[in-house]
Amino acid sequence: MAFAKFPLRTVAFRSSFSAWQKSLVRTFSSSRAEKESMATLPSDHELLRATCRQFATEVLQPQAAVWDKEHAFPADAIKDMASMGLMGINCKAQNNGSEMDYLSYAIAIEEISRGCATCGVIASAQNSLYLAPIDNFGTGSQKDTWINEFASGDRIGCFALSEPGNGSDAGAASCSARKEGDEWVLNGTKAWITNSYEAEAAVVFATTNKSLKHKGISAFIVPMPTPGLELGKKEDKLGIRASSTANLIFNECRIPAANLLGDEGSGFKIAMHTLDGGRIGIAAQALGIAQAALECAVEYSQVRQSMGQPLCKLQTIQMKLADMALRVESARLLTWRAARCKDEGKPYIKEAAMAKLAASEAATFVSHQAIQVLGGMGFVTDMPAERHYRDARITEIYEGTSEIQRLVIAGQVVKEMKV
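Mapped onto numbering that gives the first Met the number 0, the consecutive letters of the sequence shown carry residue numbers 0 to 418.
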């Protein structure tokens, strides 16, 4: 069901969202002082949060279970999100983006993921993995070609770094690219690519000089579909089942030399920079899942009677709800801090890793505890608790596993406190 078909309250909300969008540049530049508080959000960000929450509640939550069960890509919902400016959140207005800050991005992804984790990851992959590297490292011509129609939400992109033989070891890319005249020729396979079946372009990383190891990796923009590029089977996943995930298989795939992104050999640097920002997006997605699981548990505990009283009056359940809420709120503050550091041009590698680690582990913990609160009802698809549990698990894996986040954090801590 398209968002435009919803009742008048929804139409009014879209009008308020449009007015809010028009005041972005003015309000964001004038509210820097307001951002000093870590406990509260500036008024314009609160409006964005309420807007996305209403959309998630009215549009996404009622359909999320169906999309999950049928593995159905939520095309209409993604179009609605595009009309709200959520498919090109951080891109400049001249490139059809919304020109919001990164805190806005984190807020929007959390609220969207609260309604549907699949919609959250589709938007996250579009914004922080596909659009961000082109926006940060692309030429003016590349931005015009590969951002304008994507930031508007008319088209979707994807990001291809992982391979069947290398996940956490991103510098060991076996996918290769060789220069022939005014073309690059790509060969190899990329794995676990989100949005693969809907994407019309991909940011792809391939080795151009094997002897240089990670310094010999370059980044490319590959149109989709294109000769020499095939899609593998859609993966049948535990969670986020409405998004497509598949291999990209390159066999003598030729692209113009102008599609090299950044300098030759700068691919690893581009990938790491992109993942640092992307981790804030996944932290936000995990937060949305955790918040949804917490709300499900709290609401159920108030209506389910046991021993003559609501579950929420039982001390054992209260202990669970307290621990769940503590983890969600703690992870949210870490995520907001990481986003604000990025907005303010401060170092945020450690902060992004902390946010991603805390939020993803909170999502797994909270969704697990939600099932315990619901008991048998948490194990069946009549309630969303089991879907939250399935969706949460991937947040500890993609865009850097929890183990990798701990390595990143430790490395930064030692660097900061070097004697």
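Simulated from the structure, these hints should not be mistaken for laboratory data.
Only a predicted model underlies this, so the values are computations on that prediction, with no experimental measurement involved.
For every residue, glycine included, the Cβ atom is placed at its ideal position computed from N, Cα and C.
Check the hints yourself; a few may be wrong.
Derived Cβ-Cβ restraints for the label pairs, each shown as a range [to be verified]: (1) D75 / K417: 45 to 55 Å; (2) P226 / S173: 20 to 30 Å; (3) P163 / V65: 44 to 54 Å; (4) E343 / K91: 30 to 40 Å; (5) E328 / M306: 39 to 49 Å; (6) K312 / Y196: 21 to 31 Å; (7) V413 / G374: 36 to 46 Å; (8) A64 / Y196: 20 to 30 Å.
Any hints this thing doesn't respect? Which numbers, in order? Hint check: 3, 4, 5 and 6 fail, others pass.
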